[in-house]
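Q: Starting from the given sequences, assemble the full structure and let the hints guide the process.
As a plain string of letters, each chain reads:
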Amino acid sequence: MFKILKKEELSEVITLFEIDANHIAKKAKPGNFFILKIHEEGERIPLTIADFDRDKGTITSVFQKVGKTTYHLGTLNEGDYLSDVIGPLGNPSHIENFGKVVCVGGGVGIAPVYPITKALKEAGNKIISIIGARSKDLLFWEDKMRNVSDELIVTTDDGSYGRKGVVTIPLEEILKEDQGRATKKHVPSFEDREVVQEPNVNLIVAIGPPIMMKFVCKTTEKYNVKTIVSLNSIMVDGTGMCGACRVEVGGETKFACVDGPEFDGHKVDFDLLMKRLQMYLVEEKVAMDMYSGKV
Amino acid sequence: MEEQEEKKEQKKKIKIKMREQSPLERIKNFNEVPHGYSPEEAVEEASRCLSCKRPTCVDYCPVEVDIPRFLKLVKEGKFLEAAYKVKETNALPAVCGRVCPQEVQCESGCIVGKKGEPVAVGNLERFVADYEAEKGEMMIPEKPKPTGRKIAVIGSGPGGLTCAADLAMSGHQVTLFEALHKAGGVLIYGIPEFRLPKRIVAREVEYIEKMGVELVVNAVIGKLFTIDELLNDNGYDACFICIGAGLPMFMGIPGENLNGVYSANEFLTRANLMKSYLFPNYDTPIKKGRRVAVVGGGNVAMDAARIAMRLGAEKVYLIYRRSEAEMPARKAEVHHAHEEGIEFLLLTNPIKYIDDGKGNVCGVECVKMELGEPDESGRRKPVVIKGSEFQMEIDIAIPALGTRANPLLTKTMADLKLNKRGYIIAEEATGMTSKRGVFAGGDIVTGAATVISAMGAGRKAARAINEYLKWKYWDVSNLAKAI
Ligand SMILES: Cc1cc2nc3c(=O)[nH]c(=O)nc-3n(C[C@H](O)[C@H](O)[C@H](O)COP(=O)(O)OP(=O)(O)OC[C@H]3O[C@@H](n4cnc5c(N)ncnc54)[C@H](O)[C@@H]3O)c2cc1C
Ligand code: SF4
Ligand code: FES
Chain A
369 MFKILKKEEL SEVITLFEID ANHIAKKAKP GNFFILKIHE EGERIPLTIA
419 DFDRDKGTIT SVFQKVGKTT YHLGTLNEGD YLSDVIGPLG NPSHIENFGK
469 VVCVGGGVGI APVYPITKAL KEAGNKIISI IGARSKDLLF WEDKMRNVSD
519 ELIVTTDDGS YGRKGVVTIP LEEILKEDQG RATKKHVPSF EDREVVQEPN
569 VNLIVAIGPP IMMKFVCKTT EKYNVKTIVS LNSIMVDGTG MCGACRVEVG
619 GETKFACVDG PEFDGHKVDF DLLMKRLQMY LVEEKVAMDM YSGKV
Chain B
3 MEEQEEKKEQ KKKIKIKMRE QSPLERIKNF NEVPHGYSPE EAVEEASRCL
53 SCKRPTCVDY CPVEVDIPRF LKLVKEGKFL EAAYKVKETN ALPAVCGRVC
103 PQEVQCESGC IVGKKGEPVA VGNLERFVAD YEAEKGEMMI PEKPKPTGRK
153 IAVIGSGPGG LTCAADLAMS GHQVTLFEAL HKAGGVLIYG IPEFRLPKRI
203 VAREVEYIEK MGVELVVNAV IGKLFTIDEL LNDNGYDACF ICIGAGLPMF
253 MGIPGENLNG VYSANEFLTR ANLMKSYLFP NYDTPIKKGR RVAVVGGGNV
303 AMDAARIAMR LGAEKVYLIY RRSEAEMPAR KAEVHHAHEE GIEFLLLTNP
353 IKYIDDGKGN VCGVECVKME LGEPDESGRR KPVVIKGSEF QMEIDIAIPA
403 LGTRANPLLT KTMADLKLNK RGYIIAEEAT GMTSKRGVFA GGDIVTGAAT
453 VISAMGAGRK AARAINEYLK WKYWDVSNLA KAI
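As given, the protein sequences belong to chains A and B, one line each in that order. Counting in the numbering used here, the first sequence runs from 369 upward without gaps. Counting in the numbering used here, the second sequence runs from 3 upward without gaps.
The set of hints was computed from the structure by calculation and includes no laboratory data. This one's a predicted model, so the numbers in the text were calculated from it and none came from an experiment. Note that beta-carbon positions come from the ideal geometry of N, C-alpha and C, so glycine has one too. Some hints could be false.
[Said to hold, decoys possible] Taking lysine-lysine and the PhoX-like style, the derived pairs with C-alpha atoms no more than 25 Å apart in a straight line are: (1) B:89 / B:15; (2) A:622 / B:422; (3) B:152 / A:394; (4) B:388 / B:370; (5) B:290 / A:653; (6) A:433 / B:200.
[Said to hold, decoys possible] Calculated from the model, a selection of chain A residues having no Cβ within reach of chain B, i.e. all distances over 12 Å: (7) 400; (8) 407; (9) 412; (10) 456; (11) 511; (12) 529; (13) 545; (14) 568; (15) 605; (16) 611.
[To be verified] Reference listing, derived: stretches of chain B covered by chain A, where coverage requires no fewer than 3 residues with Cβ under 8 Å from a Cβ of chain A: (17) 244-250; (18) 268-279.
A: Here is the structure:
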């Protein structure tokens, strides 16, 4: 049994839990995820470890209420218990000093991008972060992200906060400017010298809805900048045993839980990922209807 | 009069069948198929045993159950004693009675079987174990004097359970680590309820806990702790790795990632471990196909096909590239599958899954095969018949093509020798590996095998661990030859 030590409503549909899981916290690294099951009849769902505290022995999880399990999860309170918490799973993010990195978090994806951004910052990278949401009230952790970024850009689809539009717009501007500078680099004039020393964007980390990751990758491909995405496929065991989490990367089948969850975004078949995520739409609706009828 | 004698004689040649649910009834539920023997039936069946002086059946039992003695006790109606007798050598008789391939083990060695059907050892083993569970108090052996030694057993399948039980009996402090949220390994996630009710597995696990074994579920070793951490930082004196052969294999044919194509492992895990046949009362969904194709001829394929049937499929095909004689599944299960209306497409192999345009499987293209020359395994190798392609409409496909070694744990152990296919190299008689203090056994050493062979490996390792704790002697020069 794993106790929920803290609960915070980040928005109407996004909730944060701090869970007592000492051994997992000791081993967790940015990029890892865990699996939880609420009770005997529950399903196993993967969630990213959005933060961890080795001293306190806690892991932080941020989830969006989308179906029966996450709605049920949202009704739990501080002091309640989860029957099963399994982790840390998946490969941790590759952290080193790449120079300049753009970290993109969309929607609830801001949570998993945070620990990676933090680690990249600590490794000495210059960080530009872009966080986006549909509207202002779905946005969270702006301050946390600002604390670990050199520059933070906020977008909302409806323009209720920050820049109006999707995350790929500022991303493309950054890359364009970068490229402009890169071309200039070969013929540096006196005035340009300062700017030339500015490192180019060497890496992009993007986590969010698959459609966002797909368009981020389309954008960055044009500029030939390596892009890491984290895939949230359907999982059961999370240890390579079932293959529910199959994704295609560079034309090869990979298991997201053990080969990922992070992959080179330019090689990921996002359309397949999106189709596989819809496999249980009908069943999810049945479960949700029954659940809302019950409550 | 003479006729009657003859009838009696005749009768003795055939074993007493277990009463079971009729096929039409049972394909609508997940309850166990056979009902088991009544006490009278058990006595009668046991009476067929000749109490041989040199019992050949025992030679064929991987754990050498004292079969004539236990059958004699059944004959005398001493069912509890019979159960204890079996338990002296087999920690999980209720399980083995149900899932052992007796036709190639004990029953294949039975003398009575030379002239008729062999004594139904498996059915009787099941009977006494169930009798004990129902009638007897669970006999908890007296706790031995603690030795103060700590041992970690990784994986709670039949091999891990047996090893943990044996080590606890020797007085060691045993922790059993399991990656999933429930103990039992394949017994809990793979073999379905109608073949091995989960309450039986739960009972065995409870027994082992009562013996003092500490069970830690949700512990993925290699992630949560490494073996080195267990040995060096957590005070364990030795480890037994028995993590099964977990990774599902696919054929690498087009369309395998379409929605509706499940690895057998996934399909079984959803159905058994997650109880998705009770959806929506249990939260884990499973696709209930209308027309289901299962690919393979082993126990796993049979189990998947029979689950699909019970989930309500109109048609379940079992596609197998050889003929029925080569099927590695337990004969009883092949028979049950036939009875339940599963259609066998033998000498057939899928070459492609067909997309409905929306990412779901809607058909399978197959080719016909014929048997050619025998291959390394001695089985005749299937070869494709040119131009024999044909298509079938399906909405669920379940490739059950076997498993590979899961590298999750072994890749964290640079000093552990693996073979080319990623299985752990371990000495057969002891389970000793190339790493001091680390023993291994079961499917992760042999590749996918049987419940009883994993149990045998668990027992041998427990014995070897006891020796190791005494002498701290580690000589694996034999292993070098194995490599
Ligand atoms: C569907 C199916 C039907 C079968 N039917 C039969 C049958 O009728 N008769 C028969 O004799 N055999 C049958 N078998 C084969 C038999 O079940 C196996 O050979 C046997 O279970 C192997 O036992 P094991 O202890 O080696 O491993 P397993 O039973 O596979 O158990 C391994 C355990 O280790 C756990 N584990 C894995 N990695 C880790 C880790 N890193 N940390 C912690 N825990 C870990 C797993 O979760 C699992 O619980 C069947 C197999 C399947 C899949
Ligand atoms: S353990 Fe298996 S092989 Fe041995 S006697 Fe029992 S059923 Fe037969
Ligand atoms: S979730 Fe089962 S293999 Fe990845």
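Q: Does residue 511 of chain A sit more than 12 Å from chain B, CB to CB?
A: holds (32 Å)
Q: Does the no-contact call for residue 456 of chain A survive, Cβ to all of chain B over 12 Å?
A: violated (6 Å)
Q: Say whether it holds or is violated: residue 400 of chain A keeps its Cβ farther than 12 Å from all Cβ of chain B.
A: Violated: least Cβ distance 9 Å, not greater than 12 Å.
Q: Against the 25 Å threshold, does the CA-CA distance of residue 622 of chain A and residue 422 of chain B hold or violate the hint?
A: holds (21 Å)
Q: Once the closest CB in chain B is found, is it more than 12 Å from residue 605 of chain A?
A: Given a closest Cβ separation of 7 Å, the condition is violated.
Q: Can the restraint linking residue 89 of chain B and residue 15 of chain B be considered satisfied, given a maximum Cα separation of 25 Å?
A: It is violated: about 28 Å lies between the C-alpha atoms, which goes past 25 Å.
Q: Examine each Cβ of chain B, and state whether all of them lie more than 12 Å from the Cβ of residue 407 of chain A.
A: violated (9 Å)
Q: Examine the stretch 268-279 of chain B for residues whose CB is less than 8 Å from any CB of chain A, and state whether their number is three or more.
A: Since three or more residues must qualify, the claim that chain A covers the stretch 268-279 of chain B holds, with 5 doing so at under 8 Å.
Q: Regarding the pair residue 388 of chain B and residue 370 of chain B, is the alpha-carbon distance no greater than 25 Å?
A: holds (8 Å)
Q: Would the non-interface assignment of residue 412 of chain A survive a Cβ cutoff of 12 Å against chain B?
A: violated (7 Å)
Q: Verify this label for me: residue 611 of chain A is non-interface relative to chain B, using a Cβ-Cβ cutoff of 12 Å.
A: Non-interface label on residue 611 of chain A violated, nearest chain B Cβ at 4 Å vs cutoff 12 Å.
Q: Could you let me know if the closest chain B CB is still more than 12 Å away from the CB of residue 568 of chain A?
A: holds (34 Å)
The structure fails hints 1, 6, 7, 8, 9, 10, 15, 16 (numbered hints given earlier, in ascending order).
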